[in-house]
Amino acid sequence: MDAQFVYQNLYDLFYMLVFPGLLFLIAFALFAEYVDRKLHARLQHRVGPPWFQPLADVIKLAAKEEMTPRLADRRMFLMAPLVALAATATAFLYIPTWKSDIRYHFEGDLILVLYMLTVPTVTFFLGGWYSRSVYSMIGAARAVMQLFAYEVPLFLCILGPALLANTWSISKMAAFYQVHPAFAALNILGLGVCLVALLGKLERVPFDIPEAETEIVAGSFTEYSGRLLAMLRLTIDLETIVGAALIAAVFLPFGLGLPAAAGFAVYLVKLLAVVCVLTVMRSIMARLRIDQMINLCWKVAAPLGVAQVLIDLVAKGYLPRGYLQ
Amino acid sequence: MKRPGRMLAEVLRSALRKPATVLYPFVKILMPEHFRGRLHFIPEKCIGCKLCMRDCPANAIQIIKVADKQFRCEVDLARCIYCAQCVDSCPRKALEASREFELAQLQRKDLFMRESPDPSKVSAPASEQPKTESAKSEPAPANKPANG
Amino acid sequence: MSLVKRVVLWARQKSPWVLHFNTGACNACDIEIIAALTPRYDLERFGVQLKGTPRHADVLLCSGPVTHQIKDRLVRIYEQMAEPKFVVAIGTCACSGGVFQGCYNVESGIDQVLPVAAYIPGCPASPAAILDGVVKLLASLDPANAPKAEEAPKAEDPAVPA
Amino acid sequence: MFEGESVQVPVGPQHPALKEPTSFMLTLQGEKILQIAVRLGYNHRGIEKACEERTYVQGIYLIERICGICSHSHATCFVQAVEEIVGIQAPPRAQYIRTIVAELERIHSHLLWLGVAGHEVGFDTLLMYSWRDREIVMDLLALLTGNRVNYGINTFGGVRRDISPEQKADIFTRLNALEERTKYYVSVATQETTLINRLRNVGVLSPADAVRMGAVGPTARASSVDRDIRRDDPYLAYGEIPFKVITADCNDVYGRTLVRVGELMESYKMIRHALEHLPDGPIAVKAPRKVPAGEALGRYEAPRGEDVHYVRGNGTEKPDRVKVRAPTLANVQAVAKMLEDRYLADLPIVVAAIDPCFSCTDRLTEVRRADGPSSVLHWEQLRQYGIEWHRRHGIDFSKLNNSFRCPEDH
Amino acid sequence: MEESLSVQSELMKSFSGVVGNIRVPRPRRIFAQVPYDRFAEVFENIVERMGFSILCAITALDGGAFIEIIYHLARPSGVVLNLSTSVPKDRPVVKTISGRFPAADLYEREMVDLMGVQVEGLPPGNRYPLPDDWPAGQYPLRKDWKRPETATPDKANQEQRHV
Ligand code: SF4
Ligand code: SF4
Ligand code: SF4
Ligand code: SF4
Ligand code: SF4
Ligand code: SF4
Ligand code: SF4
Ligand code: SF4
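Residue numbers (the numbering used here), protein chains in the order written: chain U, 1493 to 1817; chain R, -10 to 137; chain P, 1355 to 1516; chain V, 6 to 415; chain Z, 217 to 379.
Okay, chain U solo, but in the shape it has when bound:
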């Protein structure tokens, strides 16, 4: 074990756990939750929570008693939040931050990230299903139905840009659009659909159907309390960031070449901008019904996704070869 090796491993560990890995991610996710809630409150013409609110919520939940419902399958009930949290945090490692060549990337990481982002929904489903309470089970079933609906448009409108960039790696896509920012303009349609799909993934109004408070209390989360609930909330916060980061990397290729500090700032601004757009969207709409949501996804969002793919294919076919290595 030479010094180089030890150093290398320590750096890996730091990268994964502290910066820009888990710890940074959590801190930023909590901050994003604050931005979301505060902006939501301001849009509703009220003051809203103080800046430390998400942190206080998490600490309080962590210090609370934990309860498992009597009928629940204890193992599944406990595993779900853990797996969800781990999967989301992992996905983040593969998304380019403020530079396009990040530490872990490989040809095909796009598929991995999209897959990892599906994991939380599936685990919410399992957690809810094995809570064995009616509300949780309905919430769980709705979550899966919704997953099938938004996943296709989401994939389609990321597929388009990937085809144009001719790669399955998010980093390479980012690099490509950084070089050819004009091409990013072709993907505006995809950006819109992606934002809508992300609302679905994050289960926010108008797609908060799986946890619709007035219908099924809190959906899959109804029976969760204490630490597990804290984890679930954290997962959703992380998902927001990861989703925003994905959108930023694929559709907003600005400021990637800047020096570290400036690049970092631009990166944060981009993410927060995506968060804010999501907040505004959730503030001005009513919740759809699950059948309306599925209709919207299949009849509107999916065709738009296909259109995005076609646009990119045409662009690829007709634009000068030299641009596309």
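A few of these clues could be false.
Using 25 Å as the maximum straight-line C-alpha spacing, the simulated SDA-like pairs for lysine to any residue come out as follows [what the hints assert, rightly or not]:
hint, chain 1, residue 1, chain 2, residue 2
1, U, K1791, U, F1640
2, Z, K362, V, E322
3, V, K249, V, S211
4, P, K1368, U, E1558
5, V, K274, V, P247
6, R, K7, V, I141
7, R, K17, U, R1534
8, R, K39, V, R294
9, P, K1368, U, F1640
10, U, K1530, P, K1405
11, Z, K229, Z, S293
12, R, K82, V, S211
If we take Cβ atoms under 8 Å as the criterion, some of the chain P residues that face chain R in the derived model are [said to hold, decoys possible]:
hint, residue
13, Q1367
14, Y1395
15, T1446
16, V1453
17, D1465
18, I1474
19, G1487
20, S1494
Hints were generated in silico from the structure; no laboratory data involved.
Bear in mind that the values here come from a model prediction, so they are computed numbers and not experimental data.
Quick reminder that beta carbons are idealized off the backbone N, C-alpha and C, glycines included.
Go by the hints and put chains R, P, V and Z with the ligands onto chain U.
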């Protein structure tokens, strides 16, 4: 003309304006002039007719004789419904409703108001005391259910 | 107090999630509770979030004198809440039965059934009074300014009279 | 959930969609509602019995607390009935003040409803805005009556508070602000796609069913049933104040929304008219404590529909019998009809659309054991009656020109 | 008032000797009494022919030896006819009107449970509003009803007096 996001403009405008929130409790709120809050008793005016007790819908008020023509008023603030009927019923205006509304307490026993005449003016013969006590422990019959 | 305890206490004071339960109220207290969450009063300034399930809640806001039929539900909901938990009696009814005391189908107040941590009288308790009560309750969580008396309600013992 | 499998879902008594305890037992197939059973009674406090045990004066405050949302409706309805037995009439000024408070109450109640409806379909921003504006009315009510809710303005023979000239001016300015805001809500309700999608064709109640089920208030008027006690059986000052009865022919939740916002606009006009024509004179006449033997039936158009109080006096200080038929009891029967073949997601908004307040509906029930076999009312049996009956009775649903026409193409 | 008075005279004309004590104490309020053995026929007439097609409420009262039942019927024009009938308290049986008014189902079940009136012909269904295990013969709104022993002692009341 249907469109999603009809409230967008309004909502964005609100975000730029000062919130509609009053910063209570950091900024005090003053209730309107005739708000019916906590009661106050003016012992000098009371003649002990107990009309207030008779009309109280919540059986919350007690007028207790402490001496000749001297009366104490006790109101269970946890039971009073702040209707001010007693204020209306009183022929001598010995009761008034104030604007106080911050009545929350952590313990039930603190939710109690007792307003007595100035002790220096009370010339209570010692023999009066036990009588007062017995009057106290006897719940007012005003709205006791007949068959309860 | 150790640092951890201090942080936890701070978090607890800053993040009270509430569950609202109508135990036979006339709706007036209930609409005032909702009004306390809306822009004019905005309870979220104090970290209050209205939750739909007892599992998520720290504070049970009860309004109403507790009808006989709702009593068991009330106890069950209280039991479903995770420790530490607090009950707040909102409105005169919840404090004592108010105008309904003596009616054949009601208890006289929440404290006949559950330990109550704060009483907010008023018929109905106005949103400002509710804010006042919540702030008083949160301040009392700090042992430094907790009520001194022996009868201080203890959240741990659900003293449920039969 | 999964097709074919049917599950039972309890909604209530503690449930986020209900601010009051009631429970619905739903049988679901997938997201579809197969069957619905309602259980009432959680809010029963025994007021009718208690009224017989208390004096009339105490009774006002008790009746007022049947429900805090239409407290003035119940109190006024009761006071009117008692005044009729005694044979006194509140002076004109008192009648006008009662009317003004009644319309303010309707405004607060309808704005409250708008917010609750928004909340039920996940549109919290609408809740926040309408409740923010509702505070204007709450301030007015607190200013005029001394309390935000449970106003306590009524007394036998008149009212307890007068309206001063300054207050009058104040009301005018605030009404203007409210009117502006209401116009905005009309535009939101008729234009926001997601909202319309959740309201249109949901909770359909045909005009014939509305009449047959005995629906009242905005629930009935949204199904073209042109009934309004304020016009049909005028009380207070309604005989002297011009107003239009708002109806809609949409038969759904969307229509109920339109009717309510339409009524808001009417209420502003009515209050202005009442203030401008406020008669001079005393605000109360003396009423005896003992009420002679006699009986009277009071009817009142509460924000949710017709409220009926029957009072019988027996010459003492306490009534012999007080019977309350609250609007929700009449409307709750229509809910099952509205929910036939709907989705679980529609339950909250459909239930909210009758603006249910079970605290008055439960006035009669007494249930002591919560976990005994539940007493559930099955709605199925209510459906076996034909529509022909009403044809035979020649009930016609002809519309006035102030009725909302619902577009076909939503 | 003309309308009310015309209803009054119509009642007197068509049911002389049957419908008694017809009073019009104020505009749009008519009170009338009918013995129960002629009730069905009168009710039918009033609803079907005289246009009282709205049922406002049904009130049951404890009248000592008998139970009085008042059907509050209204016309869309606003006139209310309060048609009262009585049945003996030891055998209080009436026929349902829920065939005419589906809404009466609930009001009648209330009477059944709270006043102990037996309603014949109610469609099958669960009882309302009392629970299934409610003891037989307990009718809370009767004047001679005594609340069961379980009634809550007013603890707060006693405590408060000793503060
Ligand atoms: S304000 Fe009302 S409840 Fe309070 S003591 Fe006076 S009469 Fe009784
Ligand atoms: S009514 Fe007035 S004077 Fe009479 S006892 Fe009460 S407070 Fe005293
Ligand atoms: S305290 Fe008053 S306002 Fe509140 S629920 Fe009770 S009666 Fe209603
Ligand atoms: S239905 Fe009406 S009264 Fe009942 S909770 Fe909702 S808003 Fe309040
Ligand atoms: S209908 Fe609702 S709001 Fe009106 S009195 Fe009844 S409970 Fe209250
Ligand atoms: S229904 Fe309302 S008024 Fe009647 S007894 Fe119950 S709570 Fe009281
Ligand atoms: S109400 Fe009286 S005055 Fe008016 S029309 Fe009828 S009978 Fe004549
Ligand atoms: S209700 Fe109409 S018809 Fe009857 S008396 Fe009055 S005005 Fe005449």
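Hints, verified against the model:
This hinted pair checks out: U:K1791 and U:F1640 have alpha carbons roughly 14 Å apart, not beyond 25 Å. The suggested pairing of Z:K362 with V:E322 holds, with an alpha-carbon distance near 22 Å, which does not exceed 25 Å. Taking the CA atoms of V:K249 and V:S211, the gap is near 22 Å; set against the 25 Å cutoff, the hint holds. Straight-line distance between C-alpha atoms of P:K1368 and U:E1558 comes to about 20 Å, which keeps the hinted pair within the 25 Å bound.
For the proposed pair V:K274 and V:P247, the alpha carbon gap of about 9 Å is at most 25 Å, so the pair holds. Distance check on the hinted pair: R:K7 and V:I141 sit about 17 Å apart at the alpha-carbon level, within 25 Å; holds. A C-alpha spacing of about 22 Å is found between R:K17 and U:R1534, which places the hinted pair at or below 25 Å, so the restraint holds. For the proposed pair R:K39 and V:R294, the alpha carbon gap of about 16 Å is at most 25 Å, so the pair holds.
For a cut-off of 25 Å, the pair hint linking P:K1368 to U:F1640 is broken: about 38 Å separates their Cα positions. Annotation: proposed proximity of U:K1530 to P:K1405 holds, straight-line Cα distance about 18 Å (limit 25 Å). Restraint check: the Cα-Cα separation between Z:K229 and Z:S293 comes to about 22 Å, which is no more than 25 Å; the hinted pair holds. With a CA separation close to 57 Å, the supplied pair R:K82 and V:S211 exceeds the 25 Å bound.
About 15 Å separates the beta-carbon of P:Q1367 from the nearest beta-carbon of chain R, more than 8 Å, and the hint is not met. For P:Y1395, the shortest C-beta to C-beta distance to chain R is roughly 7 Å, which falls under 8 Å, so the interface hint holds. With a least beta-carbon distance of about 5 Å to chain R, the hint placing P:T1446 at the interface is held under the 8 Å criterion. This hint holds: P:V1453 has a C-beta 5 Å from the nearest C-beta of chain R, less than the 8 Å allowed.
Below 8 Å, beta-carbon pairs count as interface contacts, and P:D1465 has one with chain R at about 6 Å; its hint therefore holds. Interface hint at P:I1474: satisfied, since its Cβ lies 4 Å from the closest Cβ of chain R, which is below the 8 Å cut-off. At its closest, the beta carbon of P:G1487 sits 3 Å from a beta carbon of chain R; the interface hint therefore holds under the 8 Å criterion. Using the Cβ-Cβ criterion of 8 Å, the hint placing P:S1494 at the interface with chain R is satisfied: the shortest such distance is roughly 5 Å.
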